[in-house]
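Asks: FYI, the numbering for the sequence shown is 1 to 499, going by UniProt numbering.
Treat the hints as calculated values from the structure; they're not laboratory data.
Worth double-checking, as some hints may not be accurate.
DEER-style ranges, computed between Cβ atoms [to be verified]: (1) GLU434 with ASN152: 50 to 58 Å; (2) LEU19 with ALA327: 46 to 54 Å; (3) LYS69 with GLU282: 55 to 63 Å; (4) TYR148 with LYS477: 26 to 34 Å; (5) ASN152 with ILE15: 25 to 33 Å; (6) GLU370 with GLN52: 31 to 39 Å; (7) GLU72 with TYR148: 33 to 41 Å; (8) ASP281 with ASN152: 31 to 39 Å; (9) ASN211 with HIS9: 28 to 36 Å; (10) THR16 with GLU426: 50 to 58 Å; (11) HIS482 with ALA327: 35 to 43 Å.
Straight-line Cα separation of at most 27 Å, DSS-like style, residue types lysine-lysine; simulated pairs [what the hints assert, rightly or not]: (12) LYS60 with LYS13; (13) LYS477 with LYS451; (14) LYS377 with LYS151; (15) LYS87 with LYS14; (16) LYS379 with LYS497; (17) LYS26 with LYS60; (18) LYS299 with LYS389; (19) LYS299 with LYS269; (20) LYS336 with LYS373; (21) LYS400 with LYS451; (22) LYS127 with LYS336; (23) LYS373 with LYS269; (24) LYS336 with LYS131; (25) LYS336 with LYS377; (26) LYS267 with LYS294.
All values derive from a computational prediction rather than experimental measurement.
No residue lacks a Cβ here, since even glycine has one placed at the ideal position from N, Cα and C.
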Amino acid sequence: MNLENLLNHLTIKKITGELSDQPIQKITQDTREVEAGDIFICIEGSNFDGHQYAATAIEKGAIAVIARKTVETNGSVPIIYVNNTDKAMAILANAFYDFPSNQFQLVGVTGTNGKTTISFIIEAIMKCLKKGTGLIGTVGIQINDDFYPTKNTTPDSITLQRVLKQMREEAVDLCAMEVSSQALVKGRVWGVNFDVAVMTNLTHEHMELHNTMAEYREAKKLLFSQLGNSYSQPFNRPKVAVLNKDDETFEGYALATAAEVISYSVKDKAADFFADRIHYDEDSTQFDLVVGDKTYPVKSILVGEYNVANVLAAIAAVYALGYDLEAIITAYESFKGVVGRMELVSTAKEDVKVYVDYAHSPDAMEKVLETVKMISKGKIISVFGCPGKREADKRPIMAKIGVEQSDYAIMTTDETKQDDQSQIWEMMRSGIPEGMTNYSYIENRTEAIYKAVEMAEPGDIVLLLGRGHDTIYYDEKGRIYHFSDQEAARNALERRKLI
1 MNLENLLNHL TIKKITGELS DQPIQKITQD TREVEAGDIF ICIEGSNFDG
51 HQYAATAIEK GAIAVIARKT VETNGSVPII YVNNTDKAMA ILANAFYDFP
101 SNQFQLVGVT GTNGKTTISF IIEAIMKCLK KGTGLIGTVG IQINDDFYPT
151 KNTTPDSITL QRVLKQMREE AVDLCAMEVS SQALVKGRVW GVNFDVAVMT
201 NLTHEHMELH NTMAEYREAK KLLFSQLGNS YSQPFNRPKV AVLNKDDETF
251 EGYALATAAE VISYSVKDKA ADFFADRIHY DEDSTQFDLV VGDKTYPVKS
301 ILVGEYNVAN VLAAIAAVYA LGYDLEAIIT AYESFKGVVG RMELVSTAKE
351 DVKVYVDYAH SPDAMEKVLE TVKMISKGKI ISVFGCPGKR EADKRPIMAK
401 IGVEQSDYAI MTTDETKQDD QSQIWEMMRS GIPEGMTNYS YIENRTEAIY
451 KAVEMAEPGD IVLLLGRGHD TIYYDEKGRI YHFSDQEAAR NALERRKLI
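Modelling step: build the complete structure from the supplied sequences, incorporating the hints.
Replies: Here it is, written out as structure tokens:
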């Protein structure tokens, strides 16, 4: 594809210089990757501005630059000016990789909590139905049985379109994809042809990116307002929005989308997918799935009401794609769980259970602790911290929840990211109600986990919160190293000779 053909997909304000008919090698926003024949796109970030590096990109062989602001160059290559370079990058990447999401089914999952679990359930169901599967999200990228790490929940638009093209080439039938609010605001998924969009819930999170909950709500809504628009629907594939009737976003998002709406609920019997007669065991959940006038028994290895909602959303999403409901339910019952989501590290010899969970927001933390209360035969000992460089206002809230909902809470570090850990702890401590003494602070996370396991008695549950699957740790000096809650927990259990 040459430059002129590719630019036909853009709304252009102005072009300076002559367009080349030289074939395009690739599109990039990173000058370190620029080679001869590339297009360089000037992206503006919070700590950098790609417009400052346009001359460097040209020196390295870029044949065109896409910019929003005036770029000073020697005039040797054309500068294409647009209103929004983030959106332009998404449009160009989609066209350059030949609109890959048009070739298979795609489910986008957004919301504060539950995205990863729902995506993994959808992927597991489809795999059990003998379909080629793809997965994009917080844990990484999976194409059939191959796994690739990723930095962001939703990759930048160039990486995303390249991955979708690879999925198409490797015979993927369906991809389940987590869609973050930042990705929606930045336009990373602009033009991606979603068949189904799922909303989980909206709770206090990402206030470092969105100034208010209203802004956060509007950001998430973009997935549904864009669902089925003319740009992303070249082949008129049916579009469905799967919405949580128990969440405050339901009415607004249902009005915002032009797509058909399927509702799910654990509370409202009028929902299209309703969970009735929910029964929780220590390591599983049973409920009746009510769809219309039919009832289907479902057994799940996931525990907690919030996970029943996740299961409903995933089953509804696959059903919306046209698959048989009974086959979906049968396939779901082979689901083995998600790493770092209520993951049982080990059942120790003395019936001490250690769980690792990614809960890192007040709402998620509260729901996990409520769930563990339902299945615990003894005390709940929680270990958690609050990360640096984001949402300081939730630190006292999380400390309050942890201390009030646990029999004993051990607060510790969680990726300080060059913030002062002592200040993080002081903010956490400020939220603990006066007179409560069932807590301690151990700065070293490994030592905190060891202490929790040492305290545990038969029937107790140790709950390690906040990190889940994550094994990359940023300390207060900006250094990066490996840390795993699961590994620390196993070491602690081995030290007590419990495994």
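Asks: Work down the list of hints and note, for each, if the structure agrees.
Replies: Going down the list of hints, with the structure as the test:
no. : hint                           : verdict
1   : GLU434 with ASN152: 50 to 58 Å : violated, 40 Å
2   : LEU19 with ALA327: 46 to 54 Å  : holds, 52 Å
3   : LYS69 with GLU282: 55 to 63 Å  : holds, 59 Å
4   : TYR148 with LYS477: 26 to 34 Å : holds, 29 Å
5   : ASN152 with ILE15: 25 to 33 Å  : holds, 31 Å
6   : GLU370 with GLN52: 31 to 39 Å  : violated, 49 Å
7   : GLU72 with TYR148: 33 to 41 Å  : holds, 38 Å
8   : ASP281 with ASN152: 31 to 39 Å : holds, 36 Å
9   : ASN211 with HIS9: 28 to 36 Å   : holds, 33 Å
10  : THR16 with GLU426: 50 to 58 Å  : holds, 54 Å
11  : HIS482 with ALA327: 35 to 43 Å : holds, 41 Å
12  : LYS60 with LYS13               : holds, 26 Å
13  : LYS477 with LYS451             : holds, 25 Å
14  : LYS377 with LYS151             : violated, 39 Å
15  : LYS87 with LYS14               : holds, 16 Å
16  : LYS379 with LYS497             : holds, 20 Å
17  : LYS26 with LYS60               : holds, 13 Å
18  : LYS299 with LYS389             : violated, 40 Å
19  : LYS299 with LYS269             : holds, 19 Å
20  : LYS336 with LYS373             : holds, 22 Å
21  : LYS400 with LYS451             : holds, 20 Å
22  : LYS127 with LYS336             : holds, 12 Å
23  : LYS373 with LYS269             : holds, 26 Å
24  : LYS336 with LYS131             : holds, 18 Å
25  : LYS336 with LYS377             : holds, 24 Å
26  : LYS267 with LYS294             : holds, 17 Å
Checked against the numbered hints listed earlier, the structure breaks hints 1, 6, 14 and 18; every other hint is satisfied.
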